[in-house]
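K.L.:
Taking the hints into account, I'd like the entire structure generated from these sequences.
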Amino acid sequence: NAGVTQTPKFQVLKTGQSMTLQCAQDMNHNSMYWYRQDPGMGLRLIYYSASEGTTDKGEVPNGYNVSRLNKREFSLRLESAAPSQTSVYFCASTRTPETGELFFGEGSRLTVL
Amino acid sequence: QQQVKQSPQSLIVQKGGISIINCAYENTAFDYFPWYQQFPGKGPALLIAIRPDVSEKKEGRFTISFNKSAKQFSLHIMDSQPGDSATYFCAASNTGGFKTIFGAGTRLFVKA
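Protein sequence lines, in the order shown, are assigned to chains A and B. The numbering of the first sequence is the working numbering, which starts it at 1 and goes up by one. The numbering of the second sequence is the working numbering, which starts it at 1 and goes up by one.
Among the hints, a few may not be true.
[Stated by the list, open to error] Straight line, CA to CA, 30 Å or less: simulated DSSO-like cross-link-like pairs of lysine-lysine:
| no. | chain 1 | residue 1 | chain 2 | residue 2 |
| --- | --- | --- | --- | --- |
| 1 | B | Lys-71 | B | Lys-5 |
| 2 | A | Lys-57 | B | Lys-71 |
| 3 | B | Lys-99 | A | Lys-57 |
| 4 | B | Lys-42 | A | Lys-71 |
[As the list claims (entries may be wrong)] In silico contact screen, one side only, chain B against chain A (beta carbon under 10 Å); selected entries:
| no. | residue |
| --- | --- |
| 5 | Gln-9 |
| 6 | Tyr-32 |
| 7 | Gly-41 |
| 8 | Ala-49 |
| 9 | Phe-98 |
| 10 | Thr-100 |
[Stated by the list, open to error] These stretches of chain A come out as covered by chain B in the derived footprint (C-beta under 8 Å, 3 or more residues):
| no. | segment |
| --- | --- |
| 11 | 36-42 |
| 12 | 46-56 |
| 13 | 104-112 |
It is worth saying that the hints were derived from the structure and are not from the lab. Note that the coordinates shown come from a computational prediction; the quantities given were computed from them, not determined experimentally. For each residue, glycine too, the CB sits at the ideal point set by N, CA and C.
P.N.:
So this is what it looks like as structure tokens:
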């Protein structure tokens, strides 16, 4: 099983450019999440989708938008990238929130110049 | 505001020694406390987790100790091995909620 797959793995943007990070899971999970990881900050929740058709803000949603395209796919869009959005982005999924365990992708490293 | 505080930031342990990482939380509604292990270039993966109805959970060389009254929990790695060298994150969430809060992480290096 591939689990959670993220693309691209690496991306360099200039300030003001836009891009979309793609995420797909093949575990038939209901809930999906986008986190960012910064040194000394742990992982912080950007947006989540409790189930297909719903999305909600996490701790740090400003500057991002998301789309739950279907049960498998959850994308993260940066409309106008800023240097403060330089980070490693992780997509994750859970079967249900009651099960607790987050399954993570391998991450997308984004640099904004 | 950080709701889960993790220490130390980094830890160096000799092979065969005990690694101890501590976390403290604030929100008493939390009822699920996982530890995630992350190797360089990879995503975090669940290592072990505990719910507050027990004070200790052991899986192989990994043990979580949980102190509900102090709102603290810790990860103990017995007989630490070089292959345990990784970053460890504690976390907390509440059942039915969607927001897992992570600690800042501890970089563990086990010297051979």
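K.L.:
For each hint, tell me whether it holds in the structure or not.
P.N.:
Here is what the structure says about each hint:
no.: 1; hint: Lys-71(B) x Lys-5(B); in the structure: holds (11 Å)
no.: 2; hint: Lys-57(A) x Lys-71(B); in the structure: holds (27 Å)
no.: 3; hint: Lys-99(B) x Lys-57(A); in the structure: holds (10 Å)
no.: 4; hint: Lys-42(B) x Lys-71(A); in the structure: holds (24 Å)
no.: 5; hint: Gln-9; in the structure: holds (7 Å)
no.: 6; hint: Tyr-32; in the structure: holds (5 Å)
no.: 7; hint: Gly-41; in the structure: holds (7 Å)
no.: 8; hint: Ala-49; in the structure: holds (6 Å)
no.: 9; hint: Phe-98; in the structure: holds (5 Å)
no.: 10; hint: Thr-100; in the structure: holds (6 Å)
no.: 11; hint: 36-42; in the structure: holds (count 3)
no.: 12; hint: 46-56; in the structure: holds (count 3)
no.: 13; hint: 104-112; in the structure: holds (count 4)
Against the hints set out earlier in the document, no violation occurs for any number.
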